[in-house]
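Sequences listed follow chains B and P, in order. Read the first sequence against our numbering and you will find it ends at 781, with the numbers running on by one and no gaps. Read the second sequence against our numbering and you will find it ends at 781, with the numbers running on by one and no gaps.
One or more of the hints may lead you astray.
Copies of the same chain look alike in the list, so a pair counts if it fits in one copy or across any two.
Calculated pairs, SDA-like style, for lysine to any residue (alpha carbon to alpha carbon, straight line, at most 25 Å) [to be verified]: (1) Lys739 x Glu272; (2) Lys351 x Ser735; (3) Lys281 x Val511; (4) Lys508 x Pro178; (5) Lys168 x Glu722; (6) Lys281 x Ala426; (7) Lys739 x Arg641; (8) Lys705 x Ala758; (9) Lys739 x Glu722; (10) Lys739 x Arg623; (11) Lys739 x Phe642; (12) Lys584 x Arg467; (13) Lys743 x Glu722; (14) Lys508 x Arg398; (15) Lys222 x Val308; (16) Lys743 x Trp726; (17) Lys743 x Ser665; (18) Lys739 x Trp726; (19) Lys231 x Ser735; (20) Lys222 x Ala555; (21) Lys743 x His675; (22) Lys743 x Phe642; (23) Lys739 x Ala678; (24) Lys213 x Asp767; (25) Lys213 x Leu173; (26) Lys584 x Ala474.
It should be emphasised that the hints constitute simulated quantities derived from the structure, not laboratory data.
Protein chains: 2
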Amino acid sequence: MAIDDVPGPSAQELLSLPRLAPLVPMLYVAWTDGELTPEEIRALGAAARAQPWLDLRSSAVLARWLDPLNPPTSRALAQLREHIRTTSERLEQSGQQSLAELGTQLAEVLGGKNALPASMPELARTLAPLETALGVSGVEAVRALVSPATPPPLSRAAPAPASFDVDKLRPILERTYPDVRARVRQWLAHPAFRYVDERDTSAYREQVFSWLKQLADRGLGKIAYPDDLSKVDLGAFIAAFETLASFDLSLVVKVGVNFGLFGGSIYFLGTERHHRQVLPKVASLELPGCFAMSELAHGSNVRDVETVAIYDDITGEFVVHTPSEGARKEWIGNAAQHARLATVFAQLEVKGERHGVHALLVPLRDEQGRLLHGVRVEDCGVKMGLNGVDNGRLWFDRVRVPRENLLDRFAQVSPQGEYTSSIPSASRRFFTMLGTLVAGRVSVACGGLSATKSGLAIAISYGDERRQFGPAGAPEARLLDYQTHQLRLLRPLATTYALDFALKYLVKRYVGRTEQDAMEVEALAAGLKAYSTWHTTRTLQVAREACGGQGYLVANRLPSLKADTDVFTTFEGDNTVLMQLVAKSLLTGYRQQFEDDRVFTVMKFIVERASGALTDRNPFQVRRTGSEHLRDGDFQVRALRFRESDLLASAAARLRKRLGTGVDSFQAFIQVQDHLQALAHAHVERVVLEQFLAGVEQVEDPAVKAVLGKLCDLYGLGCLVEASGWFLENDHIESGKAKAIRKEVTRLCAELRPDAVALVRAFDIPDSALAAPIGLGRPSP
Amino acid sequence: MAIDDVPGPSAQELLSLPRLAPLVPMLYVAWTDGELTPEEIRALGAAARAQPWLDLRSSAVLARWLDPLNPPTSRALAQLREHIRTTSERLEQSGQQSLAELGTQLAEVLGGKNALPASMPELARTLAPLETALGVSGVEAVRALVSPATPPPLSRAAPAPASFDVDKLRPILERTYPDVRARVRQWLAHPAFRYVDERDTSAYREQVFSWLKQLADRGLGKIAYPDDLSKVDLGAFIAAFETLASFDLSLVVKVGVNFGLFGGSIYFLGTERHHRQVLPKVASLELPGCFAMSELAHGSNVRDVETVAIYDDITGEFVVHTPSEGARKEWIGNAAQHARLATVFAQLEVKGERHGVHALLVPLRDEQGRLLHGVRVEDCGVKMGLNGVDNGRLWFDRVRVPRENLLDRFAQVSPQGEYTSSIPSASRRFFTMLGTLVAGRVSVACGGLSATKSGLAIAISYGDERRQFGPAGAPEARLLDYQTHQLRLLRPLATTYALDFALKYLVKRYVGRTEQDAMEVEALAAGLKAYSTWHTTRTLQVAREACGGQGYLVANRLPSLKADTDVFTTFEGDNTVLMQLVAKSLLTGYRQQFEDDRVFTVMKFIVERASGALTDRNPFQVRRTGSEHLRDGDFQVRALRFRESDLLASAAARLRKRLGTGVDSFQAFIQVQDHLQALAHAHVERVVLEQFLAGVEQVEDPAVKAVLGKLCDLYGLGCLVEASGWFLENDHIESGKAKAIRKEVTRLCAELRPDAVALVRAFDIPDSALAAPIGLGRPSP
C-alpha cells in the first residue's frame, strides 16, 4: 500500500468552504508540525467545531480534517500550502502574530469581510487559545508559512558553512589576560611539550617535573609571584593555568600544587619575611613545596585535623607531630618525591592552650632530595589518573622548626610564648586561613573547563566526520546529523560556553574581592567549582561514549581527560560539601558563619522576604509557548530566580520548623540536605545564566552575537528542561509550555549543528595539545 | 536569643477552645512534619478559618497557630503531642483514616457530640481535603501520633543490626545455576586468582591468558560446550561469566570473546562438522579464536561491512579480502596476540552475485603463534581499561580458505558454486546471523551488573565506616547517615537488585526462546543490555565519587571497575543504537523488520489501540499521596505502563504524520529520535519493575520479603521521581503527589540504611575478588 493510496480528507473540499478558510493555516500546521498527539488534535477539533458560525457541512469536513486516524495525504497538504502561499501574496501587510490572524486575513482576501459571520479581530481572538494548545509559536509559524522556501531537509552532504567568523569569536573567549594566554600557548608550542605515552609511573613523574622546571625557567612562577609583590594578580596565574590545562593534566595539577596552593599559602598566610625569603625560590622551583592540609581521617572536615604544632618556649621552636594514624597527611601532591618544604596545617598549642588550626613551614627534604629526620613519607600509589603527580602521605615525629616558620599574618607567637591574633574568634580565624583554598577552587574549575573543551572538540569533530547508517541508496549520515547526537553533545557545549563566561566573572570577583564581599566570593567559588567540575565529569563521559570504541583508545585522549579530571569533583573540597556551603551561605545572607541562634532569626527574615516572591506566578506567563518568548533571556532568568527564591524560602521554613521543635542544627541540616543541594544548584544556575546573558549582551559582531545568543538560549532552556518536574510541580509552567521548551531545545540544537565545529575551533586548542587523531577533523576512511 | 524565648502561640489557649479541638492533630502535624511551605500553611489557615462553625475567638487563635513567621515553640508542640496521646487513650477504636477523623473523635471524647456544631462524619469530610493539601498520609500520621514512642533520632552510634538474615537472601540471588556459581567461586578461591598490580600491557595480557588457560583446564569451556552438544545450556555459561565478573574484567572479556562470541558463532552458525572438529578445541583453549565482525567504518552498521569472501569454484575455496582501509576489522578481541582462528563476517560473493553478510572460519596463526600468509595484524594500543585483552586490527590480503570453512547452517555453497539458503530474504538472513550477538549482550549486561555490585559493596562499606563532620561534642557522623549519601548510593542499590531479577528473567527467556519469540527476546536483550550498562557506568561513577580520594586510588579497585566497564555501553551494540532497535521493535509489534509501508499500517493500529489508554487518567488516583498507596507496586507499574503506552502512541502518531506528508522513513526516524529513546527507556523500566515485583512476590521469608519489597518500592518510585516532569506534564500525577513520591523515596532510603551493608554482603563477593581495602568493612582509623 503506497502512502498516497491511503484515503484522506480532500483539500478541494476544505478550500471550497469559506467558513473554514480562517482555519486553513492552523490545519496545515497541525498536520505538518508533527508534534501533536491524537489527543491534542481531538481537542482542537472539539474547540473549533464548537464555534457558532460553523454550518453542518463545514463541521463535517472539519471533523474529517482532524481525525487522527486518517491523516491527509502529502498531496492534500501540499495543496493547502500552495493555497496559503498564493493567497498570502495578496495580503497588504505581513507579520501576523498568529495563525488565526493570518487565517482570518486570508479569508477576507478571498471572500471579503461580509462572507464571514463575525468581525475578524473577534474571530482571531476566539481562535488564539487553540494555537496555545497546539504549542506553536504564532509569529514563527506565520513566517514559515508565507515564506517562499520549503524548510531544508536534514543535511546529508558536507555540513553547511558556519554562520559566523571564528576569528571574531576567539578574542571574546580570550578577552581576559590575552597576553598571558598567548605566552603559555607559545610555550606549549615548543617540541618539548609533546605527549608521552608513558605508563611507567616514575618515568612519567620525572617527565612532568622536567616540564614543570621548563615552565618555571620560562617564567610561569613569576606570573604568580612577580618580583614586585605589590603587582601580584592571581587572575593572570589562573589564566595561565587554564591555558596550560589543554595539555597534560598531571603537569597542570603539579603547577597548581606548587605555585598555587603551596606558593599561595605563603603569600596569603605569611608575612614580609616569608615572602622575601621563600616566594622567589617557589617561583623559580628552587624550592618545590607542598600543601599539607588533608589528613586521612579529616578530608573534608579539616577543622578537626589532629596534627599538632606545640610551641616550646625554651628553644623557641614548634614541635610538629602526627599523634595518630588518622592524622597522617594524606593525598599531598608533590610530597612523595619532589617537595622540599611543606606548608603544614596543625592545631597550634602554646602554653598548654589550643588556638585552632594554623599553618607553618616544615622542611621535608634536603637539597639532594633526602628526607629530613623525623619525616616519614609513603607514596599513595597508582591512581585512576594524574599519575604524573607524586601524591604522598606524611608523618611527623616530633619535628622541630623555628618559631619564624609560623605563617604569621593572622596570628603570632612571641618568643616568650604569647599568642596574639587580629581575629579574636577561633572560628573566624579558621575560615580566614581556609581562604587560601579559594584560588585553588577557582583554578580547578577553570582547568576542568579547559579539559571539557578538549573533550568536546574531539567528540564534535569526530561526530562531524563519522558516518553510520543512512537512507537507502545515499551516503551514510554523519553522527552529528542525528538528533540524539546533537542533544548529547550540543547541550554540554552550550553549558561549557555558559561556564566560560561565569568563570571569567568569578575570576574578576576573586581578583577584586574586598573584606566585605570575601565570604560571598568564597561561596561563589565553591558553587561554581562544584557545578563546573560535575559538568566536566559528565561531559567527558558523554564525549567518550559519543566516540564509541575510538573514544576508548588512549591515543584519542578521552580516557586520560576523563580519568585525570575525575578527582576534580573531590579535591579542593568535595562537591557535595561545597554545595552545602553555598546553601548555608545563602541562608545566612552571606553575612556570617552559621550558629544556631542566628539561623533561627535569619530564617525568619528569609521567610518574610520570600512571601512576596511566592505569589509571583503569572497565569499568563505560565502558558506562553512562542519561540520568541522562550528565547527571551529575561523569561529564562526570571524562571531560575523564581526557583531559587522559592527553594530558599522553603528550605528556610523547613529548617526553622525543625529548629523550632527542638531538633539540633546538625540533624536539622541532615534532614533537609537534599533540599539544600537543590537550592545551591538553583543558585549557581541562575548566576551562570545571568553571566552568560550579560556576556552576550556585550558582543558587537552580529553573527557572533547571534550564535552565542542561541547557545545561551540552549543553556537557559536546558536548565528548564532538566528541572521541568520542579517547574510543573510549582505551577510555574504548564504542560504545553514544558513541551514547547523541550521542542525549542531540540530546534536550537538543529540550528546550531552547522556551527558546531566552528564553535569548538574557537576554543583555540593547539592541535599538538589536543593530539587526538579522531579530533583533528581529518575525514574518516 | 535561645529558641524557646521566641514568642509563639500558646498551647493552653488552643486546647481551651472546644471548637478548635478537631484541628489539633492537624496543627501538630503541620508544624512537625516540617515539609510544609509557608504558602501551604497559609492555604490551610484560610480553608480552616472559612468553616462556618468557628467563632471569632477560635478564628483568631487559629490564625496565630498558622502564622508561618511565628512558629510555636517546641514546648508548646510537646504539650499538643501529650494532649493528643493522653486523649487518644480514651478512644474506643483505633485505625482512624485521617487526622480529621482522629481530631473529631478526640473532640467528641472531650466535649461530647453536642459540644460541636456539625455532625462528626460531615466535619471529617470537610477537613479531609486539607490533609491532601498537606501531602500527609492520614493513616500513617495517625499511627505515628497515637503511638507512645517518639521517632528515633538519626543513628549516630553503631548502625542498627540488619532487619533480615543475609543467609536467607543469598540463595534468592543465586537461585539459578547455583552449582555453576559455586564452582566458579571455588576456582576463584585458588591463590592463582589474585589481582596483579600490573601496568605493563604485555605482562598483564600474559597473566590474563594464563588465567584463561587455567579456567579452561578446570572445565569452564565445557560449561558452554559440553561433549554432548544436545545438552548445551548457555544459561549456565552466562551464570559462570557473571560470577567470574566479580574478579578481573579483562579475564571476563577474554572469556566472553573466546567461549562466548567465537565459540558461539561456530555453535550457532556452523553445522555438525564444525561442531565436531572445532568446538572441543575451543572449549579446551587448544584453538583460541576471535570474532571478526566490526570494521573501522562499520561499527554499528555491520550490515554494510566491506570485507568480501568470493567463491572460487575452480579451487573450491573462498578468497577473503579487505578492499579498503575502512574495511579493516577493528577492535577484535584476542586478535592482537592469541587468536589462531577467526570467525570473519564478510559479504559473500558467488558467481559474481552478492548474497549479503556471511561468516566463515579463517585461520590467523599457526601452532607457534606465527601469523599466516596474507593476514596482517595491528595492536589497537592502550585503552581506557581492559588492557589485559589483546584487541587488534585485521587485514586480509586475498586469503584462501576451503569451502568447508563457511559456517553453513543458514546458507550453503556447493562445490560448483550454487548458493542455497533456508531463509530467502537477505534481510532476514542477516538478522538471523546477528542472533549470535544476543548471548553476548545478555552476558555483558550480567557481567556489568556484577561489577556494579562490587562498586556498591565497596562504596557502601566505606560509607558505613567513614565519619566526617558531626554535631558539636559528639563523634562525627557516618557518611551513610547523611541524606544525600543515602540517596546517592541506595537508589542505585535498589536498581541493581531490580536488574538482578530482570536479567535472570532475560536469561530464562533467552534459554527458552523459540523461533516465534526470538525477535522479542532479542529486543529485550538489547534494551536490558543498554539500560543495565548505563546503570553500571553511572553507578560506578557515583561510587567512585562517594569514596572521595580513596575512591581514586587504584588499590581500592573503583578506578579499574569504572574504566574496564566503560566500554560496555559501546561494545556488543552501541546503547543508543540498541535503544532505537527496542523502540522500532515496539512500533512493529515485535513482528517484522521495518519497511515503510508496514510502518504506516502499524502506526495506525497503534494509534487506534492507544486511544483508549490515553483517557485512562483517573482524577482520584492522580491526587492520592498516602504511603500505603505509593508503596503499592500495582500503582507504580500502572504508572510505568501508562507512560510506555502513551509514548508509544505519540511516537507512532508523529512518525505516521511525517511518513504521511512524504518524509522518508530515515529522516522521519531521525526527527523523532529523542522520543524513541524515551519510549525504549519507558519500556525497559516497566519490564524491570514487573520482574522485580514478580520476584519479590515469590520470596517466602518475611524479613527478606520486606526488605526486598522496600528496594522494589525504592526502584519503582525512583523511576517516577526521575520522570516526574513527564508524569506532571501528562496529568498523571498532581503536584502534591509528585512531592509525596519524592518524600517517600527519601524515607525509604532512611529505612533501608540499617540494612545497606547486609544488602551488599548478600552479593557474596569473595573478599579476595573485591580486594579493596576500604571495601572490606574494617573500621577506619
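Verification of the hints:
Within a single copy, Lys739 and Glu272 get their C-alpha atoms no closer than 61 Å, and across copies no closer than 57 Å, so neither meets the 25 Å cut-off. For a Cα distance limit of 25 Å, the shortest separation of Lys351 from Ser735 qualifies neither inside one copy, at 68 Å, nor across copies, at 61 Å. For the homomeric pair Lys281 and Val511, the shortest alpha-carbon distance inside one copy (24 Å) is at most 25 Å, but the shortest distance between copies (70 Å) is not. Taking the shortest alpha-carbon separations for Lys508 and Pro178, only the intra-copy value of 14 Å comes in at or below 25 Å, while the best inter-copy value is 63 Å.
With identical chains, the CA atoms of Lys168 and Glu722 are never at most 25 Å apart, being 32 Å at best within one copy and 41 Å at best between copies. Taking the closest pair of Cα atoms, Lys281 and Ala426 never come within 25 Å of each other, the shortest separation being 32 Å inside a single copy and 74 Å across copies. Taking identical chains as interchangeable, the C-alpha atoms of Lys739 and Arg641 lie at most 25 Å apart whether they share a chain (21 Å) or sit on different chains (21 Å). Taking identical chains as interchangeable, the C-alpha atoms of Lys705 and Ala758 lie at most 25 Å apart only when both belong to the same chain, with a minimum of 14 Å there against 57 Å between chains.
In this assembly of identical chains, Lys739 and Glu722 lie within 25 Å of each other by CA distance both inside one copy and across copies; the values are 12 Å within and 17 Å between. With identical chains, the CA atoms of Lys739 and Arg623 are at most 25 Å apart both within one copy (11 Å) and between copies (22 Å). In the homo-oligomer, the alpha carbons of Lys739 and Phe642 lie at most 25 Å apart both inside one protomer (20 Å) and across protomers (18 Å), since each shortest distance falls under that limit. In this assembly of identical chains, Lys584 and Arg467 lie within 25 Å of each other by CA distance solely across copies; the values are 21 Å between and 49 Å within a copy.
For the identical chains of this complex, Lys743 and Glu722 are neighbours both inside a copy (13 Å) and across copies (20 Å), given an alpha-carbon limit of 25 Å. With identical chains, the CA atoms of Lys508 and Arg398 are never at most 25 Å apart, being 43 Å at best within one copy and 65 Å at best between copies. Taking identical chains as interchangeable, the C-alpha atoms of Lys222 and Val308 are never at most 25 Å apart, the minima being 33 Å within one chain and 62 Å between chains. Both within a single protomer and between protomers do Lys743 and Trp726 lie at most 25 Å apart by alpha-carbon distance, with minima of 18 Å and 14 Å respectively.
In the homo-oligomer, the alpha carbons of Lys743 and Ser665 lie at most 25 Å apart only across protomers (20 Å), although the nearest pairing inside one protomer, at 44 Å, exceeds that limit. Both within a single protomer and between protomers do Lys739 and Trp726 lie at most 25 Å apart by alpha-carbon distance, with minima of 14 Å and 9 Å respectively. Taking the shortest Cα distances, Lys231 and Ser735 never come within 25 Å of each other, neither inside one copy (56 Å) nor across copies (56 Å). Taking identical chains as interchangeable, the C-alpha atoms of Lys222 and Ala555 are never at most 25 Å apart, the minima being 34 Å within one chain and 38 Å between chains.
For the homomeric pair Lys743 and His675, the shortest alpha-carbon distance between copies (11 Å) is at most 25 Å, but the shortest distance inside one copy (29 Å) is not. Within a single copy, Lys743 and Phe642 get their C-alpha atoms as close as 22 Å, and across copies as close as 22 Å, so both meet the 25 Å cut-off. Taking the shortest alpha-carbon separations for Lys739 and Ala678, both the intra-copy value of 23 Å and the inter-copy value of 14 Å come in at or below 25 Å. For a Cα distance limit of 25 Å, the shortest separation of Lys213 from Asp767 inside one copy, 23 Å, qualifies, whereas the shortest one across copies, 44 Å, does not.
Proximity of Lys213 and Leu173 under a CA criterion of 25 Å is satisfied in neither setting, with 29 Å inside one chain copy and 56 Å between copies. For a Cα distance limit of 25 Å, the shortest separation of Lys584 from Ala474 across copies, 21 Å, qualifies, whereas the shortest one inside one copy, 58 Å, does not.
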